[in-house]
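On the provided structure of chain E, position chain S as indicated by the hints.
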Amino acid sequence: MEDAPALERIVRELLASQRLAVLATEAQGKPYASLIAFAAGPDLKTLVFATPRPTRKYSNLAENSKVSLLVDNRGNREEDFAEAAAATILGIAREATGEERESCLAVFLGKHPYLSSFARSPNCAIFRVDVEAYYVVNRFQSVSELHVRR
Amino acid sequence: MKVLLPIERTAGEERALVGGKALALARLGTAGFNIPQALCVTTEAYSRFVDSGGLRAAIARELGRKRFEDMRWEEIWDAALRIRTLFDRTAWPVDLGSALRDGIRSVFGDRPVAVRSSAPGEDGVKASFAGLHESFLNVKGPDAVLDSVRRVFASLWSDRALLYRKELGLTPTGSEMAVLVQEMVPSERSGVVFGVSPFDADAAVVESVWGLNEGLVDGTVEPDRWTIRRSTGKVVDHHAPVREKRVVPGPAGTVLADLPPDVSVRPPISEDEACDVFRLALAAEQFFGSPQDVEWCIAKGVLHVLQSRPVTTRATPDGSDNRSWYLSLKRSFGNLKNLRARVEGELLPAMGREAEALVSADLPALADAELAEEIRRREGAVKKWEGIYKSEFIPLAHGVRLFGQFYNDAVAPADPFEFTLLLSGTGMLSLERNALLGELAERLRTERNLAERVGSGGRGDTDFESRVGHLFLEYGDFFGSAGSEAGRRGVLSLLLEMSRRPPGASRGSAEDGAARRDRFLSRFDGESRSFAGDLLELARDCYRLRDDDNICLGRLHSALARAVEEQGRRASGGPWDGVVRTGPGDTIETLNEPSDPPGGEIPPVMETSSFLQRDRQLVGHPAGPGYARGPARVVRKTADLFALRAGEVLVCDAVDPNMTFAIPLASAVVERRGGMLIHGAIIAREYGIPCVTGVPDAVYRIRTGDTVSVDGYVGIVTRFGKEAPCDMPGAERR
Chain E
46 MEDAPALERI VRELLASQRL AVLATEAQGK PYASLIAFAA GPDLKTLVFA
96 TPRPTRKYSN LAENSKVSLL VDNRGNREED FAEAAAATIL GIAREATGEE
146 RESCLAVFLG KHPYLSSFAR SPNCAIFRVD VEAYYVVNRF QSVSELHVRR
Chain S
-7 MKVLLPIERT AGEERALVGG KALALARLGT AGFNIPQALC VTTEAYSRFV
43 DSGGLRAAIA RELGRKRFED MRWEEIWDAA LRIRTLFDRT AWPVDLGSAL
93 RDGIRSVFGD RPVAVRSSAP GEDGVKASFA GLHESFLNVK GPDAVLDSVR
143 RVFASLWSDR ALLYRKELGL TPTGSEMAVL VQEMVPSERS GVVFGVSPFD
193 ADAAVVESVW GLNEGLVDGT VEPDRWTIRR STGKVVDHHA PVREKRVVPG
243 PAGTVLADLP PDVSVRPPIS EDEACDVFRL ALAAEQFFGS PQDVEWCIAK
293 GVLHVLQSRP VTTRATPDGS DNRSWYLSLK RSFGNLKNLR ARVEGELLPA
343 MGREAEALVS ADLPALADAE LAEEIRRREG AVKKWEGIYK SEFIPLAHGV
393 RLFGQFYNDA VAPADPFEFT LLLSGTGMLS LERNALLGEL AERLRTERNL
443 AERVGSGGRG DTDFESRVGH LFLEYGDFFG SAGSEAGRRG VLSLLLEMSR
493 RPPGASRGSA EDGAARRDRF LSRFDGESRS FAGDLLELAR DCYRLRDDDN
543 ICLGRLHSAL ARAVEEQGRR ASGGPWDGVV RTGPGDTIET LNEPSDPPGG
593 EIPPVMETSS FLQRDRQLVG HPAGPGYARG PARVVRKTAD LFALRAGEVL
643 VCDAVDPNMT FAIPLASAVV ERRGGMLIHG AIIAREYGIP CVTGVPDAVY
693 RIRTGDTVSV DGYVGIVTRF GKEAPCDMPG AERR
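Chains as they are written, first to last, in my numbering: chain E, 46 to 195; chain S, -7 to 726.
Excised from the complex, chain E in its bound form (with noise of 0.2 Å):
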């Protein structure tokens, strides 16, 4: 079982690797999943991601800013099972504007530089998340915390 320093690792390992996260969202006790780009601030504490605003997730954002997001390293084997690593992310995402916008379109771009004419386009927003938790699972059935100390 891993300590604190291991487990960061793990995160940062599963951000910097993936470039797609499931984001669950919710509105009037709707549950609602979807598949995004992110990109992840260098301390692991701010998460980024871009969605044209007439979207479903982008309504439910505006409703309730509490989100979960599904990071993981899974390639569809049965060895999955044992090797595989997942972080379950837990924070608030609010839209960014102004500089915030520009300085999170540049950690967004950094990694995804193929979206920019997606994310640069006029009716993108720019959403940050805050990141409270990541809970990670490993080893099939493996879970620890890992809470951000503000």
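To be clear, the hints were calculated from the coordinates, so they are not data collected in a lab.
In this text, a Cβ means the ideal position worked out from N, Cα and C, and glycines have one as well.
Some hints here could point you the wrong way.
[To be verified] To be clear about the criterion: a stretch of chain S counts as covered by chain E if any three or more of its residues have a C-beta under 8 Å from a C-beta of chain E, and this derived list gives those stretches:
1. 44 to 58
2. 616 to 628
3. 688 to 694
[Said to hold, decoys possible] Beta-carbon label-pair distances, calculated as ranges:
4. S:R621 with E:R57: 30 to 36 Å
5. S:S44 with E:L80: 30 to 36 Å
6. E:Y103 with S:R621: 40 to 46 Å
[Stated by the list, open to error] Below, computed lysine to aspartate or glutamate pairings styled on DMTMM-like, alpha-carbon distance capped at 25 Å:
7. S:K58 with E:E128
8. S:K158 with E:D125
9. E:K90 with S:E599
10. S:K158 with E:E124
11. S:K226 with S:E287
12. S:K629 with E:D48
13. S:K58 with E:D48
14. S:K158 with E:E123
15. S:K58 with E:D125
Quick look at chain S alone, frame taken from chain E:
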């Protein structure tokens, strides 16, 4: 599809497909060496078998519960047993099974064969796996052969094989296995030739026994040994043993038989034949380009090669190579019977006498210098018996293991640890002690006045007090605190806690034991039944003795602790130089086996500059079936245990023999030390209490008062806490 190849068509194949043993033999065959007719079941067959049964994921899961380097040998054995059971219970895919069955029938019919491992990684120049995996001799008929093939597959995952490959830096999950199905050569004489002696580069060694080679390879038959000078080809030495036994084919498998007197007086081979065998090794050496160890046999005067592998040197410059120890992890029935006799007849009684002698000394009456001497004496005794514990008592666990494997082979149960139910009810010392505690608790339960008096710190009546006295005298003190008022109060407070539980709360399964044993034995008849009975008896004895030795060692520890306690009461200085002061209460300790990683001493780092860690689900080994949820009681030192309350989950580093009396109070047991056959697991099973063992850093990752659940079916401990998102600052909900 290459799942089965005749040996003649194997020589040109990849080692990865046919394995080292089959490849070497096939190549010798094409060069004109005399090899037995054989078929090779390839690694492709292995792959199809494990893939069809989903075994790859299951193996990865069994070995991935925790980091491999963090697993004790016992835990690895447990995982290996579970994996073996999985193989046994996995059916051959229909088309693969019939392809193999047809191929084997067409070549061998119902003639006896040997089924031998041929792992791609084994018998290479760098890694010799001699004797590491299973072989089965004298197997008859395609169905029996397929059963043996499956077991040879499974032996890739035995504790020995896993540890050995780890030592060589080979990853466990990437391994595959081919199997050689070889005609049984009805040999009268057999042996091994070592192309180069490990002790002398100009010497070769020929070993030979009467009968089959198995007796030589597994060490049950001592061979004649010739040393031959490589440069001259001349015999320079012949060592003749007392020849008593030989291994011969039985109805199925092999049996060890007495040598007739007229045979035992003669060496199995002549000096000329020894030279023939040496020349065989030399020819193989020339053929392969490196010195070879060759297993051979002689049938009707003709010399056959059974297998050939390169000589490997086992360099152990720093003595840290454990491979030979891993190979010794398999003990024979005879070896274990001797061990049982020695432990039960000599060692345990001697240990008991020594403990008794130590306890009888009147410590307060000793002068300071005498007390210092007494402490040294007790330290010496503890050290001596700890050594014997490791070398003689711990191996008794193999008796239980041997039976477990036998039971699983015969019964093929869904639960690979079902056999432990046949072991209970053996009258272990700790259960006797716990029964005495139960009587005391019963009096406290039924006599309110007595409970009130004892609860408010007073004394009980004469009968009660004499029983308490008897308890301490007979079973040592608990955590070295006998004689001290705090220790007495601690134990009494636990007794009061026990008395508040309804009677008969323990759910021992001992009453089922006899019926279960009868049912098991009724599966066999004749000689097999008496063998099964003997093996079961051995296992039950080993199981009982493994507990008694712990109790006895506990007495020695407490004798030392008491002397040290006495020393602590006296002024410092004087004759105490060189006497180690070990505080009483520090005697909860684990006796590690050689591969037991140090644990439980260093708390894990639970934070970084950015994050605080909280563990939610901790994975260990399912050691006692059941599910319970309750507040945790983390026991790191003596006094922690006295605070245990009924229904709490006992969390500890290792259940010390002296802790077992408190287990019936707990709703579940969690321990850092892993294994199915360790103390905590044994006692928890006796009482039907859910138990998870092998949870890393359990005493640090769980805190007293945490609500935890223990799932003893799958080996998971869950810590419940308030969920962070509920009180996240700044959350908006419109």
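(message) Against the 25 Å threshold, does the CA-CA distance of K158 of chain S and E124 of chain E hold or violate the hint?
(response) Holds. K158 of chain S to E124 of chain E sits at ~19 Å (cutoff 25 Å).
(request) Compare the distance between the alpha carbons of K58 of chain S and E128 of chain E with 25 Å, and conclude whether the hinted pair is satisfied. (result) Given pair K58 of chain S, E128 of chain E holds - Cα atoms ~11 Å apart, limit 25 Å.
(request) With respect to the beta-carbon atoms only, verify the hint that S44 of chain S and L80 of chain E lie 30 to 36 Å apart. (result) Between S44 of chain S and L80 of chain E, where Cβ atoms are some 33 Å apart, the hint holds.
(request) Could you check the hint for me, namely that R621 of chain S and R57 of chain E are 30 to 36 Å apart, CB to CB? (result) holds, 34 Å
(request) Establish whether the coverage given for the region 44 to 58 of chain S by chain E is satisfied; the threshold is a Cβ-Cβ distance below 8 Å, and no fewer than three residues must meet it. (result) Contact hint for the region 44 to 58 of chain S vs chain E: holds, 9 residues under 8 Å.
(request) Decide if the proposed pair is consistent with the structure: K90 of chain E and E599 of chain S, CA atoms, cutoff 25 Å inclusive. (result) holds, 15 Å
(request) Would you check the hint for K629 of chain S and D48 of chain E, treating anything up to 25 Å between C-alpha atoms as holding? (result) holds, 23 Å
(request) Starting from K226 of chain S, check that the Cα of E287 of chain S is at most 25 Å away, please. (result) Holds, because 20 Å separates the two Cα atoms, which is no more than 25 Å.
(request) Quickly compare the C-alpha distance for K158 of chain S and D125 of chain E to 25 Å and report which way the hint goes. (result) holds, 21 Å
(request) Go ahead and decide if the range 40 to 46 Å is satisfied by the Cβ distance of Y103 of chain E to R621 of chain S. (result) Given about 41 Å between the Cβ atoms, the range holds.
(message) Holds or violated: K158 of chain S and E123 of chain E, Cα atoms, limit 25 Å.
(response) holds, 22 Å
(request) Below or equal to 25 Å on CA atoms is what counts here, so check K58 of chain S against D125 of chain E. (result) At roughly 15 Å apart (the allowed maximum being 25 Å), D125 of chain E and K58 of chain S satisfy the hint.
In this structure, the one hint that does not hold is number 2.
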